[in-house]
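Chemist: Going down the list, the sequences are from chains A and B. Take the first sequence: its letter number 90 is residue 90 in the working numbering, and every next letter is one higher. Take the second sequence: its letter number 7 is residue 7 in the working numbering, and every next letter is one higher.
Derived from the structure by calculation, the hints contain no laboratory data. Worth double-checking, as some hints may not be accurate.
Unchecked claim - Pairs of lysine-lysine residues, derived as DSSO-like cross-links and limited to a Cα-Cα distance of at most 27 Å, are as follows:
1. A:Lys37 x A:Lys5
2. A:Lys72 x A:Lys37
3. B:Lys63 x A:Lys72
4. A:Lys91 x B:Lys123
5. A:Lys91 x B:Lys175
6. B:Lys63 x B:Lys175
7. A:Lys72 x A:Lys91
8. A:Lys156 x B:Lys63
9. A:Lys156 x A:Lys72
10. B:Lys181 x B:Lys63
11. A:Lys156 x A:Lys91
12. B:Lys63 x B:Lys123
13. A:Lys5 x B:Lys63
14. B:Lys123 x A:Lys156
15. A:Lys72 x B:Lys181
16. A:Lys5 x A:Lys91
As the list claims (entries may be wrong) - Covered by chain A, according to a simulated footprint, are these stretches of chain B (three or more residues, beta-carbon under 8 Å):
17. 33-44
18. 71-81
19. 96-103
20. 163-177
As the list claims (entries may be wrong) - From chain A, some residues computed to sit far from chain B (all C-beta separations above 10 Å):
21. Met17
22. Lys37
23. Ile52
24. Glu59
Ideal Cβ positions, reconstructed from N, Cα and C, are used throughout, including at glycine.
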Amino acid sequence: MTEAKPVAVGVEASVIMAELRSLGIDHVICIPDSYQKTLIAALQDDPSIRFITACTEDEAMGINAGLYMGGKNPMLVIQNNGIFASINTIKAIPLDARIPTFIFVGQFQRDPMVAVEESRSRAVRMVEPTLDTWGVPHWRLEGPDDIGNIRAAYEKAHETMGPVALIVGAPTL
Amino acid sequence: MERNEAIEILAEGRGDAVSVVTMQSIYPWHQAGQGEIFHVDASQCMGSASSIGLGLAMARPDKKVIVLDGDGSLLMQLGSLVTVAGQSPANLYHFVFNNGLHQSTGNQPLPAVGRFDWVGLAKSSGYADALRLEAAEDLLERLPDLLAMTGPVLIELVIEREDRDPLWAGVPMWKQTALLKEQLEAS
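Given these sequences and hints, build the entire structure.
Modeler: Here it is, written out as structure tokens:
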């Protein structure tokens, strides 16, 4: 009998941190997410990054805009439900005001053994269709082979002057 | 005080502070000639003004940042008071225009008007200080000292009801964000 293989596997926080450092990220605005716990801990420990905890994703988008206009290189770390919670702000700030907004989105309640499309969680299934509806480009981080998607997403945000999402499909390690 | 009185005093006294302005203060701020100098509107995103101001204040601690907020707007993202306090930006001055109304949509009253307290909310959220001003003369007299305080400071401005159609400046926010970024890079 063969063992079922996971659809998504976690990526080491240290590997993600190396990518973020190479992109020159200097500020992270976070609404905590259980799928990115180890990444959040690593971000909090990094003296080259100012870590900001916000109360809501709406606030995080505004803070990101202010930092960007002030010459900084920020990003957001949130969970899938945060996308649903902040649609009006995504419309107004990253999209209409044309602010590069680089967002890590944890797939809270995703079973990594199951494909996103077959997830029992509506939040997991609907995050990508929601982003598509609003024209927000997105990439998946489903394992170590996807590490290049971090840079691809970041560069797209700055090329298009708008929001992009990097969807973290399994808990970071 | 009247909104336009407060706007004129703040326009005269801002110096080279960066301004973030929302809702029904946007139009008079532009009319007062403040719309193209170190400025951005927070439009179509009620409640975001203080968060944008926080980001600017953190990015540029060498500059003062003034936020001209509305009471109805701030209620929509009330937790931002705590987020601002969490970062303690010494250069952030948060003016809240309090008329107890959602003026942009027809002067509908806010919930619990007269029973909640902006100064109390700001102080209990962790702002460095907070105060309430009712008269334009007080704002005029105290503004230089207010802008010399260590922030974040919330200044509640009690303003009179205005019965007029809502007014908008009509400048797209993306033009302002690009201009402000350029001006800050050059300064």
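Chemist: Report the numbers of all earlier hints that the structure fails to satisfy, in ascending order.
Modeler: As far as the earlier hints go, 4, 8, 13, 14, 16, 19, 23 and 24 are violated by this structure, in ascending order.
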